[in-house]
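So you can see what is in the structure, the chains are spelled out below.
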Amino acid sequence: MLTINNLHASIRDEKQKIKQILHGVNLTVRPGEVHAIMGPNGSGKSTFANILAGRDAYQITEGVATFNSTDLLSMEPEERAAAGLFLAFQYPVEIPGVNNMYFLKAAVNSIRKQRQLPLLDAIDFLSVVKAKMKEVGMDEKFLNRAVNEGFSGGEKKRNEVLQMLMLEPRLAILDETDSGLDVDALQAVAKGVNSLRNSDRSFIVVTHYQRLLNYIVPDVVHVMMSGKIIKSGGKELALEIEEKGYSWLNSETSV
Amino acid sequence: MAQQRDIRMNDVVTSLSPLESCFEKNPHFAHIKWLCEFRSKQFKQFLTRGLPTKKEEEWKYTEIKNALIPAKMGVQTDLVCANKLAEIKAMTDVFLTFVNGHFVEALSHTASLAKEIKVCSLSQALDIDENRVKEYLTREIDGKRFPFAKLNAALMTNGVFVEIPKHIKIHQPIYLLFINTQQHNYLTCPRNLLIVNEGSQATFIEHHVNETAQHYFTNVVSEIHAANNARVDYYKLQEEGHTATHVANVFVTQKQDSCVKTYFLSDGAQLAREDLTIWQDAHDVESYLHGLYQTNRDHQHIDHHIHVDHAHARGKSTMMYKGVLDQKSRAVFNGKVHVHPSAQQIQAHQANHNLLLSSDAEINTKPALEIYADDVKCTHGATIGQLDHEALFYLRSRGVDANEAHMILTRAFAEEIYNKMDDTAIRQYMRKRMKSHDE
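Top line first, the protein sequences correspond to chains A and B.
If you number the first sequence the way my numbering does, the last residue is 1560 and the count never jumps.
If you number the second sequence the way my numbering does, the last residue is 442 and the count never jumps.
Certain hints may be false.
What the hints assert, rightly or not - Computed cross-link-like contacts, DSS-like style, restricted to lysine-lysine with a CA-CA straight-line distance of at most 30 Å:
1) Lys1410(A) x Lys435(B)
2) Lys1446(A) x Lys423(B)
3) Lys1418(A) x Lys423(B)
4) Lys1410(A) x Lys438(B)
5) Lys1446(A) x Lys438(B)
6) Lys1435(A) x Lys258(B)
7) Lys1418(A) x Lys1435(A)
Claimed, not checked - The following label-pair restraints were derived from C-beta to C-beta distances:
8) Arg1450(A) x Pro344(B): 52 to 60 Å
9) Arg1450(A) x Asn406(B): 24 to 32 Å
10) Gln1419(A) x Lys92(B): 35 to 43 Å
11) Glu1319(A) x Arg436(B): 36 to 44 Å
12) Ala371(B) x Tyr1396(A): 31 to 39 Å
13) Asn1449(A) x His392(B): 54 to 62 Å
14) Gln1421(A) x Gln175(B): 41 to 49 Å
15) Asn1503(A) x His392(B): 32 to 40 Å
16) Leu1424(A) x Glu419(B): 25 to 33 Å
Calculated from the structure, these hints are not laboratory results.
Just so you know, these numbers come straight off a predicted model, no measurement behind them.
No residue lacks a Cβ here, since even glycine has one placed at the ideal position from N, Cα and C.
Please construct the entire structure, taking both the sequences and the accompanying hints into account.
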């Protein structure tokens, strides 16, 4: 599904200084797998997630990313979405003046158009979206509000999951979707993800904490530090990190 | 020194001579003696004052001398504008149509209104009650500040006269349609008088649009009088031809406890200047002023000048103007709130927000407060920005292509103005009209 080879990326800071963030990431995600990426603050996890979705703030200096046998890095963000890639944002953007329902419908139909599927009309769309909202525990009133505007942290994350359920991606990347959530919201998010899990669909779950992984059980856990994946293992690796923190890994790799 | 003055006088004479020929060949209202005399006087005053130049503060960014100054007035032509009228009829059955400045009764309809409500052309109103019209028409206009209102007084051909008697609420909008068609290089000077008496309520939509004409000059004056407790909603929709010039002066006088809401939507013409002057002539008056301007062609220029006079206590005013600028175009916003010494407990808010879609577009914005009273609450602010990069990426990451994402965000920016429109049908109509340009 997704193969990343030796990915290097940098960003230009406010002073136009180039700062290297990713130092050669390698990752292979097969259909049906759930991968967790853990790591301390500033290790490059979010940068990695955003680069996969096509954010243009970064410069790719080296490496290859292949998504379903096409060159991911040469695609526009909307082409990646149509190809089935989805990023749940760490900080979902508030868009005043754009109605949430209008936005969801525009997104669904843009993707259907790119995939040459018939567009959903207003009535079909509404019945689908209402059912999905129930699944993530969102009140229908959020349909008529502006996208994420004035939503609480939990409501924003539920809205991300709602979009994921509507767009039915082949690879979903969750960028710290668990941060700032209470237990109810966390369970709602996990329920949304688990309802989509099947043998064709893959997930990359970026998180600081093991907590979310109690609900979304990963097949593989990776640890990213200083822009590299330094250790990979089974779900028990997450428990080990929860217990010992990250510093022991540092000393382990530097030995 | 003397030589310099001579040169300037020569300039004025050359640029104004076409207007003299407009004045001489204007046969309208020749049978009304006081009106002819009034007009001659106005024209002389205009000639003495001359066209405004960029040296004047109020015209600093708007070069009127580059505009077309036509040597003839518009002529009435046969016109079929079924599409436009059908859209209007879907919303209201009270409408007056003017073609190239001339009233066309066959394309107008006011029969559904009660007899005592006067909605007719200015010339009809003069026939019915000359003195009533005279009272308003001969009001002295400051020619230094409003040279084009002077010119309009001198050259007016016709216009709308509305008088709503006391305590009548009209829920249907009164639609004033000004269409320009089939001619070039001509001038129209519509003059509208909209009088809403005590305790009454009315909504006006003044719409300037072109059918086949491109190159012409509209110089319109609309006067709104809101008596005690009156409520007036006024929409002005400017969709003139691409090389046309549009100059408008809207004067609003408000009496005690009246409330006026204005909405200026402007995206036509090559050069447009919209002056709105609010005179709060009693205490406890509310004025809510909104504007949306969109420039999307090279060398297009839209200028809004708003002046609010808070002359009495407990007045409220808000100004909310937004602009979307694209290509090598320019817009000017100049909003001034003047609080007189005796006007205590005033609340005045001004905001002007601009979205620049191209690096060649230019905005000159100047919200200003002039306060001579001490117990007031006034705020003002202006912003200039670009589309939110984060929001663009968010939309695109959900599959929306770059062009559509731009369009969605641009509309979202404008949406705030539409949301201020109380009437749902009008809001939808305006949204659709302004949209049809960027599609």
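Do the hints match the structure? See the list:
1. The suggested pairing of Lys1410(A) with Lys435(B) holds, with an alpha-carbon distance near 19 Å, which does not exceed 30 Å.
2. Straight-line distance between C-alpha atoms of Lys1446(A) and Lys423(B) comes to about 21 Å, which keeps the hinted pair within the 30 Å bound.
3. The suggested pairing of Lys1418(A) with Lys423(B) is violated, with an alpha-carbon distance near 34 Å, which exceeds 30 Å.
4. At roughly 19 Å between alpha-carbon atoms, Lys1410(A) and Lys438(B) fall within 30 Å of each other, so this suggested pair holds.
5. A hinted pair counts as satisfied when its Cα atoms are at most 30 Å apart, and Lys1446(A) with Lys438(B) qualifies at roughly 27 Å.
6. A threshold of 30 Å between alpha carbons decides the hint, and for Lys1435(A) with Lys258(B) the separation of about 50 Å lies outside it, so the pair is violated.
7. The straight-line distance between the Cα atoms of Lys1418(A) and Lys1435(A) is roughly 22 Å, inside the 30 Å bound, and the hint therefore holds.
8. With their beta carbons about 45 Å apart, Arg1450(A) and Pro344(B) fall outside the hinted range of 52 to 60 Å.
9. The hinted window of 24 to 32 Å between Arg1450(A) and Asn406(B) holds, with their beta carbons roughly 25 Å apart.
10. Between Gln1419(A) and Lys92(B) the Cβ separation comes to about 40 Å, which falls inside the hinted range of 35 to 43 Å.
11. Taking the beta carbon of each, Glu1319(A) and Arg436(B) are about 42 Å apart, inside 36 to 44 Å as hinted.
12. At roughly 38 Å, the beta carbons of Ala371(B) and Tyr1396(A) sit within the given window of 31 to 39 Å.
13. Evaluation of the 54 to 62 Å hint for Asn1449(A) and His392(B) yields a failure: the beta carbon distance comes to about 26 Å.
14. Checked against the given bound of 41 to 49 Å, the beta carbons of Gln1421(A) and Gln175(B), roughly 47 Å apart, stay inside it.
15. For the hinted restraint 32 to 40 Å between Asn1503(A) and His392(B), the CB-CB distance of approximately 35 Å keeps it satisfied.
16. Restraint check, Leu1424(A) to Glu419(B): a C-beta distance of roughly 29 Å satisfies the suggested window 25 to 33 Å.
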